[in-house]
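Heads up: the sequence lines are chains A and B, in that order. For any residue, its number in our numbering is found by taking its place in the first sequence, counting from 1, and adding 3. For any residue, its number in our numbering is found by taking its place in the second sequence, counting from 1, and adding 209.
The hints are simulated quantities; they were obtained by calculation from the structure and are not laboratory data. Where a beta carbon is used, it is the ideal one built from N, C-alpha and C, also for glycine. Keep in mind that the hints are not guaranteed to be accurate.
Simulated DEER-style distance windows between Cβ atoms [to be verified]: (1) 778/B <-> 101/A: 22 to 28 angstroms; (2) 161/A <-> 694/B: 48 to 54 angstroms; (3) 147/A <-> 607/B: 48 to 54 angstroms; (4) 780/B <-> 159/A: 48 to 54 angstroms; (5) 780/B <-> 147/A: 36 to 42 angstroms.
To give an idea of the interface, some chain B residues facing chain A are shown, with a C-beta separation under 10 angstroms as derived from the structure [said to hold, decoys possible]: (6) 250; (7) 252; (8) 255; (9) 309; (10) 310; (11) 350; (12) 391; (13) 392; (14) 396; (15) 398; (16) 767; (17) 772; (18) 775.
Given next are the chains, with one letter for each unit.
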Amino acid sequence: MNALPDGSRAWRRRLLGGAGAALLAGTASAQPLAQQLAMTQNAGAGQETAGAVPALYTAAQAATGADKFAANCALCHGKKLQGRVGPALTGPNFASAKANFKVSDVFLFLSRQMPAQQPGSLPKQDYVDIMAFLLQQNGYPAGGVPLTEAAAASSTVPLLYHGK
Amino acid sequence: MHALRTRCPRGRRLSLRLALGGSALFAAGAALAGTTAAAPPMPAYAPVTDARLANAANEDGWLMYRHDYGSTGYSKLSQINAGNVAGLKQVWDYKSDFDQGHEAPPVVNGDVMFITTPKDEVHAFQASTGKPLWTYKHDLSAVGLKTVCCDVVNRGVALYGNNVYLATLDNYVVALNAQTGAVVWKTQLMAPDLGGAMTLAPLVVKGRVIVGLSGGEYGLRGSVRALDANSGKLLWTTYTIPSPKEPGGNTWPNNGSYKTGGGGAWLTGTYDQDTDTLFWGVGNPGPWLATLRPGDNLYTDSVIALDPENGHIKWHYQYTPHDTWDYDGTNETVMTDITYKGVAHKAIVTASRNGWFYAIDRKNGKLIYATRFVSATSVSGFKNGHPVTDSALRPAVGKQVFTCPSFLGGKNWWPIAVDPQTHYAYVPAMHTCMTIKGVDPVAYKPGLAFLDETFNVMRDPAFPNNWGDVEAIDLDTGKQAWHFPSKLPWNDGMLATAGGLVFSGSADGHLYAFDAKTGAVKWKSPQMTSGIIGVPSTWSVGGKQYVGVWAGWGGATPIWGGDMAKDPAVQDIPTGGHLYVFSL
Numbered sequence: 004m005n006a007l008p009d010g011s012r013a014w015r016r017r018l019l020g021g022a023g024a025a026l027l028a029g030t031a032s033a034q035p036l037a038q039q040l041a042m043t044q045n046a047g048a049g050q051e052t053a054g055a056v057p058a059l060y061t062a063a064q065a066a067t068g069a070d071k072f073a074a075n076c077a078l079c080h081g082k083k084l085q086g087r088v089g090p091a092l093t094g095p096n097f098a099s100a101k102a103n104f105k106v107s108d109v110f111l112f113l114s115r116q117m118p119a120q121q122p123g124s125l126p127k128q129d130y131v132d133i134m135a136f137l138l139q140q141n142g143y144p145a146g147g148v149p150l151t152e153a154a155a156a157s158s159t160v161p162l163l164y165h166g167k
Numbered sequence: 210m211h212a213l214r215t216r217c218p219r220g221r222r223l224s225l226r227l228a229l230g231g232s233a234l235f236a237a238g239a240a241l242a243g244t245t246a247a248a249p250p251m252p253a254y255a256p257v258t259d260a261r262l263a264n265a266a267n268e269d270g271w272l273m274y275r276h277d278y279g280s281t282g283y284s285k286l287s288q289i290n291a292g293n294v295a296g297l298k299q300v301w302d303y304k305s306d307f308d309q310g311h312e313a314p315p316v317v318n319g320d321v322m323f324i325t326t327p328k329d330e331v332h333a334f335q336a337s338t339g340k341p342l343w344t345y346k347h348d349l350s351a352v353g354l355k356t357v358c359c360d361v362v363n364r365g366v367a368l369y370g371n372n373v374y375l376a377t378l379d380n381y382v383v384a385l386n387a388q389t390g391a392v393v394w395k396t397q398l399m400a401p402d403l404g405g406a407m408t409l410a411p412l413v414v415k416g417r418v419i420v421g422l423s424g425g426e427y428g429l430r431g432s433v434r435a436l437d438a439n440s441g442k443l444l445w446t447t448y449t450i451p452s453p454k455e456p457g458g459n460t461w462p463n464n465g466s467y468k469t470g471g472g473g474a475w476l477t478g479t480y481d482q483d484t485d486t487l488f489w490g491v492g493n494p495g496p497w498l499a500t501l502r503p504g505d506n507l508y509t510d511s512v513i514a515l516d517p518e519n520g521h522i523k524w525h526y527q528y529t530p531h532d533t534w535d536y537d538g539t540n541e542t543v544m545t546d547i548t549y550k551g552v553a554h555k556a557i558v559t560a561s562r563n564g565w566f567y568a569i570d571r572k573n574g575k576l577i578y579a580t581r582f583v584s585a586t587s588v589s590g591f592k593n594g595h596p597v598t599d600s601a602l603r604p605a606v607g608k609q610v611f612t613c614p615s616f617l618g619g620k621n622w623w624p625i626a627v628d629p630q631t632h633y634a635y636v637p638a639m640h641t642c643m644t645i646k647g648v649d650p651v652a653y654k655p656g657l658a659f660l661d662e663t664f665n666v667m668r669d670p671a672f673p674n675n676w677g678d679v680e681a682i683d684l685d686t687g688k689q690a691w692h693f694p695s696k697l698p699w700n701d702g703m704l705a706t707a708g709g710l711v712f713s714g715s716a717d718g719h720l721y722a723f724d725a726k727t728g729a730v731k732w733k734s735p736q737m738t739s740g741i742i743g744v745p746s747t748w749s750v751g752g753k754q755y756v757g758v759w760a761g762w763g764g765a766t767p768i769w770g771g772d773m774a775k776d777p778a779v780q781d782i783p784t785g786g787h788l789y790v791f792s793l
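Build out the structure end to end from the sequences listed, making use of the hints.
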């Protein structure tokens, strides 16, 4: 593709970050960045006032998970998890009462069938950390106890979007 | 985008409001449109009658997905031919707002073109000039797109009367006024995100809009459905997986497995006017791992012959029994008359995902011949007219096998064309194999994929340098006449014309014109801004022939393609929809 004025990666970045993405955000289910930031703050506050939304992972885990997600999942699900060729992994269209997912449903699914090109190919711990990141991005608070593979694979906590 | 909106006719604003209600984004779009000057006049529009559809093979336009009821992908237009194609020039273009795969062909009636984008927009243009006429944007804002496996895509529209028909990712069939884009009716066949989605172009037969649902990866029980073209009323539903009481029901374990048995019917069928029969391809069984559902698992991986009146199944032919490799039988069947070993047959031909090219008697579903068009080991041969599979190449929990072709298939959805002049079929082929193994089964969960297998798409050792190929197959023998190997995958449909040409687009963004007889490259477009998976089509307006195609790389290859998707040459293919129209 040398005939292109710019490299294809630059092209891709432009599209994901530019007006195209803004439009997609309008029609699909993306969370604007501001909203995501608000969500993260909310997650911080959750540690003290956890209440109905349980703390299932640590902040450090979610941070590692964010990196693993960027490297292995963002190409298809979007850098902001807004969805592209794969569905959005944040927001009310993803973690909905209608979908009725439990944490274990999603964890078992992603750890066996994702990334789509080479399902199940990542180290198990990466999937656990990515699950922590997905919880964070759907408004679940961080806590003091790390998510383990066993806990993720058996958790019956419903996955419902708790962001604003 | 703004330029387009500001040139919108009043009818489109109306349709937007109707379709999208209060969404702020689209209200803004409508407001912009409100600032406009005069809209371009709509070119004259001749209703698409049954008679015209029946005679589509001889029309100047491109009235349906595969041009005519025989699904030939062949046009009688010959103004552009092997002698002058070198002079083909771009006459207009249009950039879409999406970076997913753009698969739809331009569908053209008179001087009006209708084309869809990945997210269920329909754009109407003046076909000769590219002047935008109206746009319909389907509202997907509350849809999770959870059960859309192989890229967010749409394969185009159907025409009938003064309407345009679209099948959507949230399972609506929508009828639009062809001249304004206003919604005439819309009918939702099932809620989205629970297993079903629609990506196919509908087919209209005698006042019925016929569609099928995708969902074989999500344990949907697939179906083909017919709606009344005037009212949108559902007329019949034929499930592709029989219940235990129906014929074929005993090919499934009697434990309710039919309810999650897959069999998506996700590509457009073919219609035989002589026998009043619809041929529709049926997809893979669910879950992928076959050990969980002993039996042949009808009608998965089959072609079913249906009565368009009521959807009753007349006969079927199964390409891959008890599939465990995701070899959908959805690939289009093309009607053609052949002479095999001295005997004349009225046939349908198909290049199956399983790597075999089939010729089947279209009156009774009997196999005429099957030949390999790529390396094919899972289906190892034929006995008494039926395929035989290699049990050693069946994966199980903890058992990994290496077999060919990969689940992406010797050919995937990108359609073949059949040329009556050369009597060849033109097949966009893929050279891949795979490792595949069973994993501990997970309970079925609506909205999540139902596979129970992991896999990796790899190179076919027999083709170490080529992911793709364009093949010409002699219909009377099933043997290859010529081929054009490609380093990159070749994921585009074929267009054959009476000009002695075969058009198809490459993954590195060139539309090619091959000599239909020899495969010599007669013309290659300048490089487009993305790779091509859009089905090319041709039409003639005012005595001038045009060829149009979407560039817009995507589809299943970059998502599920394993080593092929990770090949840097494939990863670097730029994305983004861009429609190009050429003429002499």
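A quick look at each hint next to the structure:
1. 778/B <-> 101/A: 22 to 28 angstroms: For residue 778/B and residue 101/A the Cβ distance comes to about 41 angstroms; the hint is violated.
2. 161/A <-> 694/B: 48 to 54 angstroms: holds, 52 angstroms
3. 147/A <-> 607/B: 48 to 54 angstroms: violated, 38 angstroms
4. 780/B <-> 159/A: 48 to 54 angstroms: violated, 39 angstroms
5. 780/B <-> 147/A: 36 to 42 angstroms: holds, 40 angstroms
6. 250: Since the shortest Cβ distance to chain A is 28 angstroms, the answer is violated.
7. 252: violated, 29 angstroms
8. 255: Residue 255/B check fails; min Cβ-Cβ to chain A is 33 angstroms, beyond 10 angstroms.
9. 309: Nearest chain A Cβ about 6 angstroms off; hint holds.
10. 310: holds, 8 angstroms
11. 350: OK, holds: residue 350/B within 10 angstroms of chain A, min 6 angstroms.
12. 391: violated, 20 angstroms
13. 392: Interface hint status for residue 392/B: violated (17 angstroms vs cutoff 10 angstroms).
14. 396: Status violated, d = 21 angstroms.
15. 398: violated, 17 angstroms
16. 767: holds, 7 angstroms
17. 772: Given a least distance of 8 angstroms, the restraint on residue 772/B holds.
18. 775: This interface hint holds because 6 angstroms falls under the 10 angstroms limit.
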